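So the sequence shown is numbered by the UniProt record's numbering: it starts at 1 and just counts up by one.
The hints are simulated quantities; they were obtained by calculation from the structure and are not laboratory data. Source: prediction; values computed, not measured. Please note that the accuracy of each hint is not assured.
[Unchecked claim] Below, simulated PhoX-like cross-link-like pairs (lysine-lysine); rule was C-alpha separation at most 25 Å, straight line:
#	residue 1	residue 2
1	101	54
2	75	2
3	54	115
[Stated by the list, open to error] With beta-carbon atoms standing in for the labels, derived distance ranges:
#	residue 1	residue 2	range
4	249	68	40 to 50 Å
5	247	133	14 to 24 Å
6	108	237	17 to 27 Å
7	18	49	37 to 47 Å
8	37	126	21 to 31 Å
9	68	26	47 to 57 Å
10	20	133	46 to 56 Å
11	228	268	19 to 29 Å
12	20	237	51 to 61 Å
Backbone N, C-alpha and C fix where the C-beta goes; we use that ideal spot for every residue, glycine too.
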Amino acid sequence: MKVILVTGGTGLVGYGIKAAMEKEGKREDEEWHFVSSKDADLQDRATAEALFEKIRPTHVIHLAAMVGGLFRNLKFNLDLFRINSQINDNVLSISHKYQVKKVISCLSTCIFPDKTTYPIDETMVHNGPPHESSFGYSYSKRMIDVQNKSNYNGDDECDDGEDERDDDNNDNDDDSDDDDDSDDDKDDEEEEEKHEQRAEEEEESLAFIKMPYLYKLINRREMTDKKVILVTGGTGMVAHGIRAAIETEGHREDEEWSFVSSKDADLQ
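Model the full assembly from the supplied sequences, consistent with the hints where possible.
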């Protein structure tokens, strides 16, 4: 049974898909779920995951987005980027977690570069910035393409992406012998060890800050006329360069510098 979840199911495209499905008739092996923001706030990770847990989709058509007209886009560019990026990340990562076989995401014509040549196609999406009137919304939609190519394509467990593929091609070949499986396991272990080593090295150069520490800095700023300068990534290469420059040239009397690292907090 194919369980198909359509996010943004009450929007223009969602209604169109539903109308086409009702007109042509759904197949016997299909179960459709058209959901809207009334069913789940996809910006909230826990709520979105509860929706997937309830429906258990095998396929997802991702249409949900916070949209606005011209003036709303201009006024709330950052909000539209942040909210839609969160929605997209939740839908894609949860789909991956629940081993959804295929995710089809709907982008927008506004994702194309403002300055381009015609005719345009999907290969030209990242050739330049979109029009400034919908800058935030456009980039949040572009990021779906980036997320698919960066994180999910090529994963054996789940095929997340906008491209159409034959489901039969996703079946694993069970004819391989035990030796091949053993070699694959060994390669996976070596790759995992390399990944953990890289993560440890990167962690040393990442800087995060605890909220109490941040409040302490804010309060200190209120009690003094000094410039309180916070440097995240304070143990990284660039930060070491900044610190060296300060020590060489000397900091001004009205400056107070704080270099913080992952030992102070996890900003994530």
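Earlier hints that do not hold, by number: Violated: hints 2, 3, 5, 6, 7, 9, 10.
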